[in-house]
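Residues per chain, in single letters:
4 protein chains.
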Amino acid sequence: MNDLRSSYKTIRQHSEAICKPLKTEDYVVQPVADVSPPKWHLGHTTWFFETFLLKPYAKDYQEFDPAFNFVFNSYYESVGARVIRTDRGNLSRPTVDEVYSYRRYVDDAMDVFLSNELSPEIEAVVILGFNHEQQHQELLYTDIKYILGHNPLLPAYDDKGIENIAVEQNESWISIEEGVYEMGFAGDGFCFDNELQRHKVYLQPYHICNRLVTNAAYLQFINAGGYNNFRYWHAEGWEWVKNRKVIAPLYWFLINDEWHYYTLSGLQKIDPQQPVTHINYFEATAFAAWKGARLPTEAEWEVAATKFVWGQRWEWTESAYLPYPDFSKAEGAIGEYNGKFMVNQMVLRGASVATPEGHSRITYRNFFQTHLQWQFTGIRLAR
Amino acid sequence: MNDLRSSYKTIRQHSEAICKPLKTEDYVVQPVADVSPPKWHLGHTTWFFETFLLKPYAKDYQEFDPAFNFVFNSYYESVGARVIRTDRGNLSRPTVDEVYSYRRYVDDAMDVFLSNELSPEIEAVVILGFNHEQQHQELLYTDIKYILGHNPLLPAYDDKGIENIAVEQNESWISIEEGVYEMGFAGDGFCFDNELQRHKVYLQPYHICNRLVTNAAYLQFINAGGYNNFRYWHAEGWEWVKNRKVIAPLYWFLINDEWHYYTLSGLQKIDPQQPVTHINYFEATAFAAWKGARLPTEAEWEVAATKFVWGQRWEWTESAYLPYPDFSKAEGAIGEYNGKFMVNQMVLRGASVATPEGHSRITYRNFFQTHLQWQFTGIRLAR
Amino acid sequence: MNDLRSSYKTIRQHSEAICKPLKTEDYVVQPVADVSPPKWHLGHTTWFFETFLLKPYAKDYQEFDPAFNFVFNSYYESVGARVIRTDRGNLSRPTVDEVYSYRRYVDDAMDVFLSNELSPEIEAVVILGFNHEQQHQELLYTDIKYILGHNPLLPAYDDKGIENIAVEQNESWISIEEGVYEMGFAGDGFCFDNELQRHKVYLQPYHICNRLVTNAAYLQFINAGGYNNFRYWHAEGWEWVKNRKVIAPLYWFLINDEWHYYTLSGLQKIDPQQPVTHINYFEATAFAAWKGARLPTEAEWEVAATKFVWGQRWEWTESAYLPYPDFSKAEGAIGEYNGKFMVNQMVLRGASVATPEGHSRITYRNFFQTHLQWQFTGIRLAR
Amino acid sequence: MNDLRSSYKTIRQHSEAICKPLKTEDYVVQPVADVSPPKWHLGHTTWFFETFLLKPYAKDYQEFDPAFNFVFNSYYESVGARVIRTDRGNLSRPTVDEVYSYRRYVDDAMDVFLSNELSPEIEAVVILGFNHEQQHQELLYTDIKYILGHNPLLPAYDDKGIENIAVEQNESWISIEEGVYEMGFAGDGFCFDNELQRHKVYLQPYHICNRLVTNAAYLQFINAGGYNNFRYWHAEGWEWVKNRKVIAPLYWFLINDEWHYYTLSGLQKIDPQQPVTHINYFEATAFAAWKGARLPTEAEWEVAATKFVWGQRWEWTESAYLPYPDFSKAEGAIGEYNGKFMVNQMVLRGASVATPEGHSRITYRNFFQTHLQWQFTGIRLAR
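Residue numbers (full-length UniProt numbering), protein chains in the order written: chain P, 1 to 383; chain V, 1 to 383; chain Z, 1 to 383; chain E, 1 to 383.
Derived by calculation from the structure, the hints in this document are not laboratory data. One thing to keep in mind: the hints can contain errors.
To be verified - Computed cross-link-like contacts, EDC-like style, restricted to lysine to aspartate or glutamate with a CA-CA straight-line distance of at most 20 Å: (1) 245(Z) with 258(Z); (2) 329(P) with 123(P); (3) 20(Z) with 159(Z); (4) 20(V) with 159(V); (5) 291(Z) with 331(V); (6) 9(V) with 108(V); (7) 291(Z) with 326(V); (8) 55(V) with 331(V); (9) 59(P) with 111(P); (10) 242(E) with 77(P); (11) 242(Z) with 87(V); (12) 59(E) with 123(E); (13) 200(P) with 177(E); (14) 245(E) with 77(P); (15) 200(V) with 177(Z); (16) 245(V) with 77(Z); (17) 329(E) with 236(P); (18) 269(P) with 158(P); (19) 200(Z) with 182(V).
Remember, predicted model here, so these are calculated numbers, not experimental data.
So here's chain P without its partners, still in its complex pose:
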């Protein structure tokens, strides 16, 4: 079995392994627009291989079902009409069984397809498909957590406690000297177009913390009235706090005067040593302001990241998601992958407990809108 065939199998099986603990009903619902039903993720990642590889390049390939293009297209304007995003949770059909049949069908065709010699261009799309599916594996975790964590019965996903991580016991600050540094991807492996081109940046001297902000520290912010004092907040963040009556991170519940949080393993008491999670950009910057610190820029983060442990929480940076110098979009639908989202979002760096192994890297640029909390996000401070 060649490498691509083997990687294909491994990656595809991981998506299904993530869904193993689910009930059929859990695959279907969409409590908010940003959270897609798990069966949609399973279908959409399959549609990606069918649409961008099998249909254009695989000899004699028969489309599984023409209606699925409409159902499983996410946002590619180039490839036709699609179910609007907020309607995904309204679709009881195709059923979960049908989606798995779709996966089987496409997997079989891909296995044959990947046995052939592929041009470098086509191989690049295959590898993009792998990375695309890995991104949806992360979303499977975060969306499943949202679906179960917003159900009044608060059911656990499994009992493995994957959210708990080893944490640095002692806080220290890493100092970086001012000067010209390089950032962005270089080398032979895969990267997303948004990591290019590698380029020079000038950094002022700065300090960056060796570890993430803990629940204990964040509780101090809450107890100090952080959610009641406009001074720490962006004007837009303050509106969000007031309109939504926010008093704590997502998934936190105050039960008999004691803070709990919902985790994938169910409701638990807050562990003060663990990094605070599920805070949005507004909360991250408000906490930093209260501390008299700030978030690092993504350049600062990337330059210093060899000097600290990272990778189990996405870390908000103070950088807007914008193109690097000489960024250019690919032609065709693949060109819609990243560039068109480069507005009104902030960059996150690192990786999370939900990120598949081998998917992230030091130059990886994740990005979300400033009000979103449902990813496994954390805070690293800089000065």
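Let chain P serve as the given structure and place chains V, Z and E on it in line with the hints.
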């Protein structure tokens, strides 16, 4: 087996029979606020028996799951907090299997409970529970149709074609003389509180049509530009037409210049002889205005209804849903059943193909808001 | 001077007299969609005479400004496009001076026009124009009150205290026997099309109160927790209370634990003897439910109205605004006057302190949506 | 007269001079949330001097009217409650005359106050007040244009044609070498806190156009279907185009197949030589993408700005509005001036025809949200 036990079984089984053709996924979704997930209907009707009979009156009854009260309460303010209506489709748990277990559990307890001698007051609540479940049986049909009929795959529910009915071939008009008539329920059987008290009304002379408006007649209205001419519409109806860009009844699709409609048996060409269905009050009155006619009042309908065939489409009337003289609400939660909805809704009379046998009667008052189309509604004209 | 010319002058001058105490700025704003800027009322009533009389029938009449049709059309679809209702307060031009010039111009032309012999059809439109302007005179008062009463400076309109009225000292109940009665307009004078045809109704025996509910009585309802108890409210009314956090009628302010209200003469302590005012249908029915009473139907009101004093508050009835038997719309734009609003509104009977003398009558049907409070509305109970 | 007294007078008179051509009614309306009524600007700038100088520092100063704090506070949470922004256009009072009286009163007190010796801290607030008023002078122009340009009568503001500017006849491209450059304010004069600190940046080699994009060039984009092709747009921009059905810049009207635009001097045919104006960030980037170019970053702009003529259109950059290294907020209410808006906005550089003389500078950072068009914005391309 006594009558109540036997009726209980028959009625409860009918709800489950309606759901037989569904896939698990079909039980879960809620495409719009007015449409509840089928599993919610199954759970809510069960909750009714548990809440208003077993918990207060059944000796040693152990509640199935205290959390279910929150999940399956519909609108009874008296019995605690509830999932807001628009969130019902966001709940993957309890699963369909759990809901059926809940039904089994309550059915077993009810079977024991109904074996006992019951006071007349309690027996009245049992019978209200029967009628309540029958109302949700009708909603199961209309909500299932909405769920499947708004899925891009347009799957059929079954192949029985239950929507097609025998229709009068010839149109004629029934004349009623002016005078004092009586309306409202009288007698021994069950009726809803909104059908009381029986009272006198004075009617002017009028004519009422022997049959419902057909698809053929409604197509003439469409082809005559009925949806483009404000003159036929209430101001609020005209806003609805323009904002929603409505051009035909719900479930109608123009495919290759030919009108089709989605039925519970799938997509079909319009049958011109069948009564037009799934029109709202605005459409019903606009059609009538175009015809130079009007809708009957509910009094006119009730007085004349012995003279024509009715019962397979709910018929919009020109009467607002308001209390009859000497209407009074029951005490407690049961009192929330009807009275609090007596504002900004219109009365429908008759019954539909989805109405369980024996549930409706000549004095029955159904009611919906003026913009709603998803019930099996039709038009009978008066002059 | 003939009667029409003289009536025209009197009525037109009254509109301007109402606006006399206003500052230029007060003529311009529109704090909510239902409240129109006073200059819009002055322009729109003028546009009515120009559009329906001068342009079609006055020889050699030159339109004042063709753009004004767009600005001052209210809802007449027959006579072209119009500024959407919510945008009226965004228009600084035409200025107040220009609107008064428009009035002068049309008044001069009307004076000539009314000097001629008119056909009965045209005379009917003239008289409709008078009544139309009188309706807007009432709206001028209510809209001015809303504009000034929602300004944080709470400026008084004048010091005449027009809202205070003589009230019956003693409460008593009038009994009406059951039987067939007549209602609706008959006779030679003017009436709106919605008051026709006079027709018979059968009434059950009932009692109706000789006087309106007082502020003192309504305060008891407030103090008894009326706004906190869902049992008294329609489901839709209860949503309104909770969403808007309503705790008292419109214009009521709790200042240092004492209830005040804003009147056209400024902020004052609540006068307990005066009738409660500015309550909507939901509040009126909730109060009645709390009292163990109900609102009268419009038929009950009309039949009994010779036996009590009415006319300084519009009285909510329990009747939906629907056509009388044999109601028919006029042809053309005039036909849009009433019929198209006959849905989802409730009938009010009587008249208010803002109603011009001679405008109302015992058969007059006013109507508003159930959530609206800004009219001078009150409550009369029935049983 | 000392310098501050003289500057105060000049600046204050300029605000009133801008309003000179207005009718009273024009001072009052607020057609959309982002546009404030001119009288609000006049009052708010006055409130700034009263609140941050006279009340805390002027001996024996008597506040003009305590209620004005509520009316004229814009967004300073530190200084109390305020009229919500969308309600400014609902206030007919205080009248325009009263606002001018307020200005007179505060101007007199300020004249006395400025005759005294001031501490450097207080002098800094005075100068901030000058710059603050100048910013509102620009908004007066843009808001007046919006108010008149959205009136169906399209009245002119004056006949001076201030929007037309001298334009470079020939397009050329300026090349900047890669390297370390400095940006940000340095020196003695006034700057806003957001221009600090001056710091080094590393720039890749780039080219920047000597002139702004013309109407002629933008028309080519329109005619090439630029508003119909998703490829040129950010995903969020494309939503904006589709939802709002945008087909051209703000104030453009297609009349008899010929493009016109509303200017402060009224409706005119498009002048192809003038720079395209009133485009938002989405439009600016879509145009650039269609041209195979991009917008400059603010660093690129600032470094090259000595080599081209700028200053009559605000130029969108591809930089998000974020703090410079070592940015810090001032204490107290003044600290709310800039920092809390540093999220989800883009930087504009230069100045516009509406910017008061002497107000802008090469380091000046203006900022708006990406969908806003009502400022005098333009496009300069980079590569």
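Of the numbered hints stated earlier in the document, which are not met by this structure? none
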